[in-house]
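Q: One letter stands for each residue in the lines below.
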Amino acid sequence: MGDAGARPHGGPQESTAATAEESAEESAEESAQQRMHDGSHDGSRLVMPAPDAAVLARRDQIVADLARLVGADSVIAHERAMRPYESDALTAHRQLPLVVVLPATTDEVAAVLKYCHDNAIRVVPRGAGTSLSGGALPLADAVLLGMAKFTRIREIDTANRCAVVEPGVTNLGITKAVEHLGFYYAPDPSSQIACTIGGNVAENSGGVHCLKYGLTTNNVLGVELALITGEIVRLGGKHLDAGGLDLLSVIIGSEGLLGVVTEVTVRLLKKPDTARAVLVGFPTSESAGDCVAQIIAAGIIPAGIEMMDKDAIAAAEAFVNVGYPLDVEALLIIELDGPEAECAHLLDAVTAHAQACGATTLRVSQSEEERLGFWAGRKAAFPAVGRISPDYLCMDGTIPRRQLPFVLARMRELSHRHGLRVANVFHAGDGNLHPLIRYDANAPGELEAAEAFGADILRLCVEVGGVLTGEHGVGIEKRDLMPEMFDAVDLAQQLRLKCAFDDQNLLNPGKVFPTLHRCAEMGRMHVSGGALPFPDLPRF
Amino acid sequence: MPQTLLARDPQDVVDAVTAAGANGRTLEIRGTGSLTALGRPVVADTVLDLSALSGITLYEPEELVLSARCGTPRRDIEDMLAQSGQMLAFEPADLAPLFGGAARAGSLGGLVATNLAGPRRISAGAVRDHTLGLKAVSGRGELFKSGGRVVKNVTGYDLPRLFAGAFGTLGVATEITLKVLPRPETQETVRLEGLSPEAAAAAMSAALGSSCEVSGAAYAPAPVAARLPGCPDTATVLLRLEGFGPSVRARRDMLARVLIPFGPCTVMRETPSAALWSAVRDVAPFVGTPERALWRLSTAPMAGPALAARLCATLDAEAFCDWGGGLIWLALPGPRSEADTVRTALAASGGHATLLRATAEERARTAVFQPLDEPLAALTARVKSSFDPAGLLNRGRMHEGW
Amino acid sequence: MQTHFSPAQLLDPRLAEVDRILRACVHCGFCTATCPTYVLKGDERDSPRGRIYLIKDMLENGRPATAEEVGPIDRCLSCLSCTSTCPSGVDYMHLVDHARAHIEETYARPRSERLVRALIARVLPYPRRFRLALKAAALGRPFAGLLERAGLAPLAAMLRLAPHKVPPAARDGGVHAPAGPRKARVALLAGCAQQVLQPAIDAAAIRLLNRMGVEVVRVAGQGCCGALPHHMGRSEEARAFARANVRAFETAGPLDALLVTASGCGTTLKDYGHMLAGDPTFAGRAAALAGKVRDITEFLAAQDLPAAHGPGGRVAYHSACSLQHGQKVKSPPVALLRQAGFEVVEPFDPHLCCGSAGTYNMLQSELADALKTRKVDTLEALRPQMIAAGNIGCLTQIASGTALPVVHTVELLDWATGGPRPGALAEAAA
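Same order as they appear, the protein sequences are chains A, B and C.
Counting from -19, one number per residue, gives the positions in the first sequence under my numbering.
Counting from 21, one number per residue, gives the positions in the second sequence under my numbering.
Counting from 414, one number per residue, gives the positions in the third sequence under my numbering.
Bound conformation, chain A alone:
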């Protein structure tokens, strides 16, 4: 760190000393050029931060020190033993970490972070390793901090409708722990069987029911957070809202760049009285899209509305065998929940809209088992595509819903141009698309083609007023596309916030932001230093 002595977040003193040439964005680019290099992982053009040679040289000492902090059993240093940690669910990018550490207590996490902070060692946090955006991709000079040993449910408090859990508890594990009391945890990402609540907090995960029940950010009441300094802060709790700045709102979705969550307080909901899922088949995805628009325009917010195209239907059906119609171009799964009377009322309305939009098949779940079966196929749809394709890239853009027909048509053109097929699975209710680009990683050039195709799809999402990622996170996958959505000033402000939490840029560097930066430089004010007249505004 070039200017370690300076206050990370700048201040008035520095602002007068700075000059116009040292604008934040220029500094960011400059330092990025100094520090980014082509990483050693195969199959990609991704540039990751250059490893710190001094850290690499001290590796043996670091391993020994960490073993003292957390016990030798919780430190993995052998190259072959670390191999399973070289990627998360985005296998296109791989990198061995410096060392893997698996702490089991908040104190151990704090000790490891403080050690890394004191010794300027980078840290990459990891949950269950189910990220589709490469959020837990290791760095050669970084400690990989695995949180999988944090699996205890600390408290179930149904009177206050919340539970306090450790971050390594799986999303589904929370619901499993409270379902005998009639409660559940609402966000349900498709990987909920395996993904952990800590990872959900890092990515602000959504799921098939977030149309009505919200994302992680709407369902987490509080966290205990270890800062890179080893300090512990508590944000929120069993009460609602913050008494000061609502830092919880930026922690959720911060992709492991701001701190390491060591405890989460989640909101529990009572299970709805009844829930019915309807499978509706359409001859075109346009007519399915129309149906979604009509339902929402009628003031109905279903618990979930999901769409799958023909390829995705076929792959999912092969795994779950629940009787998805195989002869339709688009399938909607619409879930309605609430009291029996409400379900029946809405079911009638939804059926009418579906028929008006030309639905060719319509099937309502007749039992809880059947309803879960309808969802099982949808939730397994991504990996089930592994049955029809050796590899896939899963995209995650969100678009304004009415742009769906246009985007699907353009996607077909792009598929043709890039010579790769795409299976479509999406959260139709909120416009969150998950095109699964099918490729064969063993075929030379296909990964590159798939990545180029993916980038084109995301550019398209931004072009129609949408965003790069709805729920999977930016990670490394969409990192270099961030400038498509944000200009240098937008990004600089984000980076400054990062500096407030992590002044040496040690936490998960190389993720989310396309450039690295030095906090000291980011902190300087972009002003000429002299007095400036107030502009010509109306005065009173």
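Please keep in mind that the hints were generated in silico from the structure rather than gathered at the bench.
It should be emphasised that the depicted structure is a prediction, and the values quoted were computed from it without experimental measurement.
A couple of the hints might just be wrong.
[What the hints assert, rightly or not] In silico DSS-like links for lysine-lysine, alpha-carbon gap of 25 Å or less:
1) A/Lys94 with A/Lys156
2) A/Lys192 with A/Lys250
3) A/Lys290 with A/Lys250
4) C/Lys578 with A/Lys156
5) C/Lys705 with C/Lys743
6) C/Lys705 with C/Lys741
7) A/Lys156 with C/Lys743
8) C/Lys741 with A/Lys156
9) C/Lys454 with A/Lys129
10) C/Lys578 with C/Lys548
11) C/Lys596 with C/Lys705
Start from chain A and add chains B and C according to the hints.
A: Same frame as chain A, now just chains B and C:
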């Protein structure tokens, strides 16, 4: 009197902040000025008036999204949404009358900056849960954007949410995009009477922990209850049901069964129910008593009613609870804030207490917002500084010195 | 998932199969959540996805196995919970088989481990030797602690698992004809360890089948199914057992099915076609036999169960991994027990292994004990009168951790339809 600058467009805001920075002058950010007495008193060199930065820039009902400039009157937004059968689901409280102002006088910017969600907070979320996108000018005089116009979005840190409740200390929002939702077709309120604070907490917990989808749960002890429209002069628990007609009727019957252990209930139909919840939302029982210091406490819901009762007894105060017991509105008998007593009592169940209304002297002397422990205080200060390093914007509004 | 085998490597049919299996994996990580060892240890290496990665690295590079791979692969229970969870259809079972064979071929285990493994492989699959060993174990039990301290923990675990009294050997060879008209004709696998530990299970099965008009054949010359050596990577020994069984059952005459009451064996028998695929003289015959293999409950579910005049009772049903994951037989045992008048309840996390897993509770006793405790806790939480399962390994493992009677599903079905009260229940009542 400080000078007031009237911003007409985002560039005016950029110019004003840039100049303030260069000259070392502080700015008070003001919309319609309806809630300037909320928070610590700001002593700024210049007032930046955003009331002319007004107008709805995007409204697509079928996409459930609305964007408007920050000075847009909330009245305009609510009226436009109502025409399409939609609403701001967080049910923003209108606290201007509490400070002696006119009803519905606030602006969008103030509404987001104060994060004052109403009774539906417990089911629909806070203001921040509906804040999708933001354009703002930082303390550096840089116009930046964050978020977008779609609900599902994790592209970068969620700054729109961070701005909700930041009282204009991080930046000057110029345009805000909100998620909007369909307005419920109808509503009813189920009322229980004569419950102790503990029983009231249990009754609200049972109702909220049932599958009846209660969208408002309040408890008013005897002297305060009578000041809520349609309520008797006895401790009263109020539970609101909203939605489609058949659903509301079915859930009313379900709820009545859930509440059997707590005594007989009374049902209030749509119109009286709506009037009642407006009064709860806007803290109507304490309007017209400007001399009385007023606290807003957020705590674990089960602890709220008993905590309120203890504080009332200790301080000779009056109180009522919203949010299933988790939100306490506590009106002291006079202007003294009694901050230590209030916060010490709160500590057992956790949460935060805001001195919502008090004289300027009292607000200058007392921590209006919940004091933060280290290292959170230092972290919060660094976050503020990352947006506004020179402390130009609403300095002192939330915490002394910045 | 991308693989890096050379064209030359892919000429080896074993590696070609490994490549095909690996290509199906998309590394989503769903399997981690339902893997017992990952749930206990929270270490990616001890998850299916981690093991797949370790195996891939080892086999792609054609390296001899090292401790880095052997540890996690040895700790795999082969419960196959991951294969139930995997949406992409990764054939983990055969992948780990290849890895175990590679380890056996290329890795020099420490002396004490070699000793223990050889002992298991030479004793357990052979009923006479096993019976003798159990009798010796009764004498040796006091020395368990000594063995543990001498670094021979598996031997100590064996001693602790050994039953206090060994039942007399069953003499049930030949044909068991039903009293009435014959509706079907089946062979019943005698297996190895089960006939020594609990001959009452097959006795109950024969009574029940006869009662239903099913003729049961016990052929001579059959032996261990091969699962025990197979899971230790001793592929050739396993294939020898398989060939012997193919030959033996070919002497049985026309069969409607080959029934198995130990689901661990059933999983292996059903895979004979794959095991002997490379053996031209046996491939077709093995596949034909494998096609006839059914778990006893699979077969019973397709027949008419005799009217139950049974005693009823609250039964906690433990689904053996080999049955629910290995053979995907989940609902028949529960449906049959309900049909026979029992109240059936299933524990929290029903997909998790009890820790028995063949020889696992001897070779990995620490993890096995942790899994046993977890399983017994969740079963006892149901407040049942008895516990039922369909695999001898589970029965032994669970019984060693609870005071509740633990019985085989088929014993309850026999009892409910006219047979004697199962021994474990009789003992508990006494």
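Q: Now look at each hint and say whether the structure bears it out.
A: Comparing the hints with the structure gives:
Taken as a hint, the A/Lys94 and A/Lys156 pair is broken in the structure, with Cα atoms around 35 Å apart against an allowance of 25 Å. For the suggested pair A/Lys192 and A/Lys250, the alpha carbons sit about 14 Å apart, so the restraint of at most 25 Å is met. Between A/Lys290 and A/Lys250 the CA atoms are separated by roughly 35 Å; this puts the pair beyond 25 Å, and the hint is violated. A hinted pair counts as satisfied when its Cα atoms are at most 25 Å apart, and C/Lys578 with A/Lys156 does not qualify at roughly 41 Å.
Restraint check for C/Lys705 and C/Lys743: the C-alpha separation of about 19 Å stays at or below 25 Å, so the hint holds. Annotation: proposed proximity of C/Lys705 to C/Lys741 holds, straight-line Cα distance about 16 Å (limit 25 Å). This hinted pair checks out: A/Lys156 and C/Lys743 have alpha carbons roughly 20 Å apart, not beyond 25 Å. Taken as a hint, the C/Lys741 and A/Lys156 pair is honoured in the structure, with Cα atoms around 23 Å apart against an allowance of 25 Å.
Straight-line distance between C-alpha atoms of C/Lys454 and A/Lys129 comes to about 7 Å, which keeps the hinted pair within the 25 Å bound. For the hint linking C/Lys578 to C/Lys548, the alpha-carbon distance of about 8 Å falls within 25 Å, and the restraint holds. Between C/Lys596 and C/Lys705 the alpha-carbon distance is near 17 Å, which keeps this suggested pair within the 25 Å criterion.
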